[in-house]
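A.B. asks: As you go down the protein sequences, you meet chains S and D in turn. Each number in this note's numbering comes from the position in the first sequence (counting from 1) with 89 added on. Each number in this note's numbering comes from the position in the second sequence (counting from 1) with 89 added on.
Calculated directly from the structure, the hints in this document are not laboratory data. One or more hints might be untrue.
Because identical chains share one entry, a pair is satisfied inside a single copy or across any pair of copies.
Straight-line alpha carbon distances no greater than 25 Å define the calculated BS3-like cross-link-like pairs of lysine-lysine that follow [said to hold, decoys possible]:
id	residue 1	residue 2
1	Lys199	Lys283
2	Lys345	Lys237
3	Lys283	Lys345
4	Lys332	Lys345
5	Lys147	Lys237
6	Lys345	Lys91
Number of protein chains: 2
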Amino acid sequence: MKIAIYGYGNLGRGVEYAVRQNPDTELFGVFTRRPPETVRTAFSETKVLPAADVTRYKDDIDVLIICGGSATDLPKMTPALAADFNVIDSFDTHADIPRHFAAVDEAARKGGKIGVISVGWDPGMFSLNRLYANAILPDGKDYTFWGKGVSQGHSDAIRRIEGVLDARQYTIPVQSALDSVRAGENPELTTREKHTRLCYVVAAENADKSRIEKEIVTMPKYFSDYDTTVNFISQEELDRDHKGIPHGGFVIRTGKTGESNTNGHVIEYSLKLDSNPEFTASVLVAYARAAFRMAGRGDCGCKTVFDIAPVDLSLRTREQVIAEML
Amino acid sequence: MKIAIYGYGNLGRGVEYAVRQNPDTELFGVFTRRPPETVRTAFSETKVLPAADVTRYKDDIDVLIICGGSATDLPKMTPALAADFNVIDSFDTHADIPRHFAAVDEAARKGGKIGVISVGWDPGMFSLNRLYANAILPDGKDYTFWGKGVSQGHSDAIRRIEGVLDARQYTIPVQSALDSVRAGENPELTTREKHTRLCYVVAAENADKSRIEKEIVTMPKYFSDYDTTVNFISQEELDRDHKGIPHGGFVIRTGKTGESNTNGHVIEYSLKLDSNPEFTASVLVAYARAAFRMAGRGDCGCKTVFDIAPVDLSLRTREQVIAEML
């Protein structure tokens, strides 16, 4: 199965690594909108080609993994490419998913291709676990917690404040809230009760740190609804201690069954990831395998993680998974 | 969707409760090999019919949930019924699954029906999570821990010892082993290092308790490979404190990605269940929905949780799950 990467940043690099871990996948190359010679890939043998030429290679590529941003790239790229390629993306603007689905579905059906959207861990594995848990326990309550992990959006918001040179923001789930959920107490949790925000900020030499701190903690939408801690550190400390892109979280459903609903159950799925983009990339490659298999059976149109039978993700055959994993 | 229960014990009763929680399912009735008038169902209006008559009702039942034991009942029942009904079972003898699959597949294909086998939590939801996690992290290691929960098989083994009137055995995962796995230490764990066994035993009045304890802790296969604690209690205490059938467990996969595999990831799925049979029954009813939908599309043959697209389990439509749960 020949995979190509369309767009090369942290996520594209993650796909480049993931393809190496899967014996049935091979990397055709990377497509970029930048001058190809300026792109430094993880492996020197990876071919880098201009994005504008991608359709020239439509017969050489089994699945194209689109590694663009959800805000402006993917809403255009995925429908445009789905007519010519089996595609996978990690579109994560939850509210706009139905519109994105419709656009990709139309293009993919026209071309007789498969387009799998919103693949990753949230949306993706977290969504799957919400669906499974809801189907099993119809009488229950869902909780999702994120972290401990780096939020790129919040880090960027801090960097836009005057006097800030660099910043890194961690989203942290509140342990007591997690404990209460797991104990089946069905708490109603406010935004503030679920997560705290921890910021590491590099300020310019003469910047007013108390003003910066105030601007952070009172920033609407991003910070004002949370208990936020701001730590000023040096650029060296930030580079040394906060270079990684960890993330993760918890999807929990609690529910009741039986006579007068007396028996409680807790279903919990959690992720603890050293690298958010590398893990997301690994999920993308597994779903690329499924897309390739579905296309091989003549299926087409837009798909989500909900539509894909688990067996299609596995490196092993159906007989093997039944004998070895069931 | 009309569901019938074939075989009525704790699991059948769990299905009777679960059907009430799902607005799209209705209970046709219970089939039993016992004299129907001796079966006390959870709800007085539940119809109880002789198992021998079940095929008379083949046009009235959409899915038959077979609630028999894996040792002797299901290997015969499921293939025999799969020719006339869409069926679901919870066959859990892992080593015999391929043989059971083949027998159910042949019968179901002959009748143009769907037979879903080995549905529940292990096999079932645990199997699914092993498959998903392996597909995402091909370079990693799997761990499954069970408990804290009641093992019926181990409780029965204790009851067969001379001088034992009643017993309840709990399987308990070793916390330090769980912690080591979660920390990504990839430990090689022996049987003894993963689980301990805790037994509550009611002894006959003049029984030799030290002999009973010795017989338990040295019992091959069941206890000799574990650190086992034996507590003697009264029948009243057993009935008061150990009547429930809780269970649960943990499926964990740890893996590495990236340059020189430096980034570690932990995927964890866990269940904490007040009632093992009621939870299993809830999973069975969700898969009954999927079987009904698959049969409606003209599909047939034996299926496992690996073959079933998640969307087919949901009470909601495809459009709803994409808009609300992705």
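A.B. asks: Confirm or reject each hint.
C.D. replies: Cross-check of the supplied hints:
For a Cα distance limit of 25 Å, the shortest separation of Lys199 from Lys283 qualifies neither inside one copy, at 44 Å, nor across copies, at 54 Å. Taking the closest pair of Cα atoms, Lys345 and Lys237 come within 25 Å of each other only across two copies (18 Å); inside a single copy the shortest separation is 29 Å, beyond that limit. In this assembly of identical chains, the alpha carbons of Lys283 and Lys345 lie at most 25 Å apart only when taken from the same copy (23 Å versus 29 Å across copies). Taking the shortest alpha-carbon separations for Lys332 and Lys345, only the inter-copy value of 18 Å comes in at or below 25 Å, while the best intra-copy value is 43 Å.
Taking identical chains as interchangeable, the C-alpha atoms of Lys147 and Lys237 are never at most 25 Å apart, the minima being 40 Å within one chain and 53 Å between chains. Only between protomers do Lys345 and Lys91 lie at most 25 Å apart by alpha-carbon distance; the minimum there is 23 Å, versus 47 Å within a single protomer.
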